[in-house]
Amino acid sequence: MIAELVIFIILGTVAVATGVAVILSKNPVHAVLFLVINFFSVAMFYLVLSAQFVAFLQILVYAGAIMVLFLFVVMLLNLTGAIESVQDKLPAQKWVGLALGIALLLEAGVVTAAGVFRQVPAAPPPSPNFGTSAPVGVKLFFDYLLPFEVTSVLLLIAIVGSIVLARRRTY
Amino acid sequence: MRIPVDPSDWLILIPEFILLGTAIAILMIDAFAKAASDRSSPWISLAGTAGAIVAAVFLWGNPLSGFGGMIVNDDFGVLVSTAILTGTALAVLISVDYVRREELPAGEYYALILLSTIGMLLMVSSANLIMIFLSLEVLSIALYVLTGFARMRPRSQEAGMKYFLLGSFSAAILVYGVALIYGATGTVDLQSIADELISPGVLGNPVLLAGAGLVLVGLGFKVAAVPFQMWTPDVYEGAPSTVAAFMSIGSKAAAFAALVRVLIFAMGGLRPEWLAAVWVIAALTMTVGNLVAIAQDNIKRMLAYSSIAHAGYILVAVAAANRLGLQSIPFYLIAYAFMNLGAWAVVTAVTRKGEEAVGLSDYSGLFWSHPVLAGSMGLFMFALAGIPPTAGFTAKIYVFMAAVAADMIGLLIIAIVTTIISAYFYLRVTVIMFMERPAEPPVVTVPTPLAVAIAVAAAGTIWLFLFPGVTQSFTDTVARLL
Amino acid sequence: MLPAHYYLMLSAVLFTTGTLGVLIRRNPIIMFMSIELMLNAANLAFITFSRYQRSLDGHIFVFIIMTVAAAEVAVGLGIIISIFRTRTDINIDDLNIMKG
Chain W
882 MIAELVIFII LGTVAVATGV AVILSKNPVH AVLFLVINFF SVAMFYLVLS AQFVAFLQIL
942 VYAGAIMVLF LFVVMLLNLT GAIESVQDKL PAQKWVGLAL GIALLLEAGV VTAAGVFRQV
1002 PAAPPPSPNF GTSAPVGVKL FFDYLLPFEV TSVLLLIAIV GSIVLARRRT Y
Chain R
615 MRIPVDPSDW LILIPEFILL GTAIAILMID AFAKAASDRS SPWISLAGTA GAIVAAVFLW
675 GNPLSGFGGM IVNDDFGVLV STAILTGTAL AVLISVDYVR REELPAGEYY ALILLSTIGM
735 LLMVSSANLI MIFLSLEVLS IALYVLTGFA RMRPRSQEAG MKYFLLGSFS AAILVYGVAL
795 IYGATGTVDL QSIADELISP GVLGNPVLLA GAGLVLVGLG FKVAAVPFQM WTPDVYEGAP
855 STVAAFMSIG SKAAAFAALV RVLIFAMGGL RPEWLAAVWV IAALTMTVGN LVAIAQDNIK
915 RMLAYSSIAH AGYILVAVAA ANRLGLQSIP FYLIAYAFMN LGAWAVVTAV TRKGEEAVGL
975 SDYSGLFWSH PVLAGSMGLF MFALAGIPPT AGFTAKIYVF MAAVAADMIG LLIIAIVTTI
1035 ISAYFYLRVT VIMFMERPAE PPVVTVPTPL AVAIAVAAAG TIWLFLFPGV TQSFTDTVAR
1095 LL
Chain F
244 MLPAHYYLML SAVLFTTGTL GVLIRRNPII MFMSIELMLN AANLAFITFS RYQRSLDGHI
304 FVFIIMTVAA AEVAVGLGII ISIFRTRTDI NIDDLNIMKG
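Residue numbers (this note's numbering), protein chains in the order written: chain W, 882 to 1052; chain R, 615 to 1096; chain F, 244 to 343.
Just so you know, these hints were derived from the structure itself, not from any lab.
Accuracy of the hints is not assured; some may be wrong.
Said to hold, decoys possible - Computed, partial: chain F to chain R, Cβ under 10 Å:
1. Pro246
2. Tyr249
3. Leu251
4. Met252
5. Ser277
6. Glu279
7. Leu280
8. Leu282
9. Phe292
10. Asp300
11. Thr310
12. Ala312
13. Ala317
14. Gly319
15. Ile322
16. Arg328
In this text the structure is predicted, and so the values were computed from the model without any measurement.
Every residue, glycine too, gets a C-beta built ideally from N, C-alpha and C.
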């Protein structure tokens, strides 16, 4: 319990700090790197929450593949400079956004403080291999076969779409 | 050995499989026989869509569910799917010459239209929040690409960018709502959620309410309800006209089907909680959509605000959440598919290469050079305004009746007043076409496929007025689900 | 185990951060990363609920959301590249040929 609390505080601080850093960075490259750290710390939480398979997916797919793609595009387009010119044409939007964010946060606080999840019994995982690839895979290919198949359509669209958008030659 | 899925479950998805097969065939022909593909793709996709319609009708009256309740094939779903497939078929027809004129890559264009339609159909029949999210993404990601399809035109790219950012933003909000609902009820299956809601402990759970609110916001973006409509005018204006036509039917119909399933089928027990929110959104959507439409000089932006306003009327039926409301939603969507695509077809005919000639002034005196084209446009404008003898009139009457039956007199009054206001800008188009007689009338060519699409849309618009009962017997069975 | 609301609160904070990022930033790449942050927060909530309800469903949802995110990234970056080919800056408010 104490160990978990310590881990939670350390990783939670890292996650929140890097999350805030992402949205405040002037330089997109820094933002990408902060986001990678954020994904890593969340992956650690997954391990604590007995979701080993998802934790590794998070590191391999999210932090690995997706963020590299981001980094690649930022570098390719040489977006590192201050593209975000200071002239913000919608200053009001920032304050609206801030107010909305605080409202959201308050709501989240109320929701959790309402104690709905306070009494959740901290039962041990139903089986020692809960969250490893075997039970997750069985679940995926039996109960969730249809969503799995539909993701293949999604990936086909992504392939066709990104090729159409990014290819150079005109036709 | 355990079989993952009962093989007969796949039968429910025959329309989707036909579309998927057609899309892959088009991509293959495009890869290996480029020249043949440019000519044949629209006709292949039309054949595929027709096959899907036949399959969908074939499944009619067989309420089945499959994949552990993830997919349901009820009459409500089949009717909304028919609206979507009608929209797809007409959109393909109006694309034939447009794609050639704008020199868009034909193979990918039609394949993405069909793939997006798959997402729409899946979303209509999903009875599971994760399937709703996934199919929403299938349809949206294809639409992001299609919106930015005219890569040589900066406006198209920018519209694609805006649509993409706001669309993914709304999807992220939706998925967080799904997470909260999952936390509160322990399930994402709509039927199980409805069962869970019987227990009072779940009903008052603030987490559930927050989740439902976020899902409402996420779907509100997709149906373009105020205050989540800000992307609509820019996207409709920037996107290729045919794509705007396609998405104004398909993504709206699919999102409304999901909204009905989530709010009425799954969370009917929470109606006292969500009614106020839907009421306000519906009232705002009708008012803002119609009022801002008056100020538009660009026909594409005007139609965008018109589509926002129509979402408001359908939301009235959702808020009513009664038998009549449930019957009127599929009818409204089918009628809207005909009249709105008809209007977009005329817009496609009048615009010139590079999306020029989209101002209202470009329609001045159209009647004197192209009487049939202008006459059809007048018919579609009448229908969108809800003036008889058109399907738009019948659809609005159904919605008003649903509002009366649900005792929502305030919303009914707003709906009627905004309908009267909307007549102004719809009729203005008609007046411009008929009354003004410019020295040199606009020169417009109407290729045959486009003419066929306009004729079909016009016929459908009048046919549904004369025989609204065509869908009545089917919508009766819809109401049994309540 | 810590009570679930520790993790849920963290997830809510991350989600709010992402939402704020989308609302206050005008750089599409950063806005896009903020959306990834929001999806990540949803994933954390799913895994937490999954653990405390002792069911694996949430893990599947995270798997699906990751796939969706990957598809979104591919298409989104494609759009950014195609815009960048024709103009050199991509500040969403500069995209002002059309009125907001």
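Of the hints stated earlier, which fail here? 1, 2, 4
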